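*Asks:* Chain residues, written in single-letter form:
There are 2 protein chains.
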Amino acid sequence: MNQPFASAQDAEDAFYDAFEAHDLEAMTAVWEAGDAVVCALPMAPLLQGAEEVRGAWEKLFQHDQRPEIMVHHVQWLEDGDLALHLVHEQISVPGMPQAMPPILASNVYRRGDAGWRMVMHQASPPPPPQGQFGLQPPGPPVT
Amino acid sequence: MNQPFASAQDAEDAFYDAFEAHDLEAMTAVWEAGDAVVCALPMAPLLQGAEEVRGAWEKLFQHDQRPEIMVHHVQWLEDGDLALHLVHEQISVPGMPQAMPPILASNVYRRGDAGWRMVMHQASPPPPPQGQFGLQPPGPPVT
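If you're matching them up, the sequences are chains A and B in order. Residue numbers for the first sequence follow this note's numbering, beginning at 1 and rising by one. Residue numbers for the second sequence follow this note's numbering, beginning at 1 and rising by one.
No wet-lab data here; the hints were simulated from the structure. Nothing here was measured: the structure is a model prediction, and the numbers come from that model. Just to be clear, a hint being listed does not mean it is correct.
Claimed, not checked - Stretch-level coverage of chain A by chain B, calculated; a stretch enters the list once three of its residues show a Cβ under 8 angstroms from a Cβ in chain B:
{"#": "1", "region": "10-20"}
{"#": "2", "region": "23-35"}
{"#": "3", "region": "67-80"}
{"#": "4", "region": "101-111"}
The C-beta atom is built at its ideal place from N, Cα and C for all residues, glycine as well.
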């Protein structure tokens, strides 16, 4: 056990290790305890509080297939006891197509008495192929 | 013009005012200048840098229908010169159904020489109705 995490990056490494290993205890150890934590997985309702967040990972980890996750940092914002890492998660699952587009995730960490712990994870589903949806200029008015 | 924003909340108020009013100059003034800013709108590609972010709002504001946005704070994390507000955005557009589920958005602000400015906005599409998708336990193995 690597706790307490000495940096936000240490907590992040442990988060993705636990995610890949489907290790519920290691995942729980990454998160802050208490009611402040929030977790939004793609297309799933917002989870609030350590217990609800743990329950969601528990369900997710019931799946047999363990993912492989490549993490690419897009942006880091760190100040004082707060750190935000915006990342692209390239997730591949054995038996599924390799070409899944990356998921955009904000990982927020906070330093407390127990070192750096995750306090927020917001993962957005990837957008559809360009041109299908999104920021298109409006068409002509319907008459 | 209310700049420089004295607090993250002032910048947030200005962000949603500009969004509702389709006011591109006011929206641009909310954001930090430069390459550090990132913006992810629901189901749209990630935008990076002030110029790309401005271009996306410009396209969005070409739509005639101006939205009304109710913002509910879910979580605040603030330390030093960094502030993260996790919010639910209840967006209604004249002529569209009123019952759109809320969008989950992380709004991140940073204090610099020009006061508090938005540096990140990540908005996730709402999940489908419960039970259709998401954190369901796996079914029986396919044999």
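*Asks:* All hints are to be evaluated individually against the structure, with a verdict given for each.
*Replies:* Here is what the structure says about each hint:
{"no.": "1", "hint": "10-20", "verdict": "violated (count 0)"}
{"no.": "2", "hint": "23-35", "verdict": "violated (count 0)"}
{"no.": "3", "hint": "67-80", "verdict": "holds (count 6)"}
{"no.": "4", "hint": "101-111", "verdict": "holds (count 4)"}
In terms of the numbered hints stated before, the structure departs from hints 1, 2, listed from lowest to highest.
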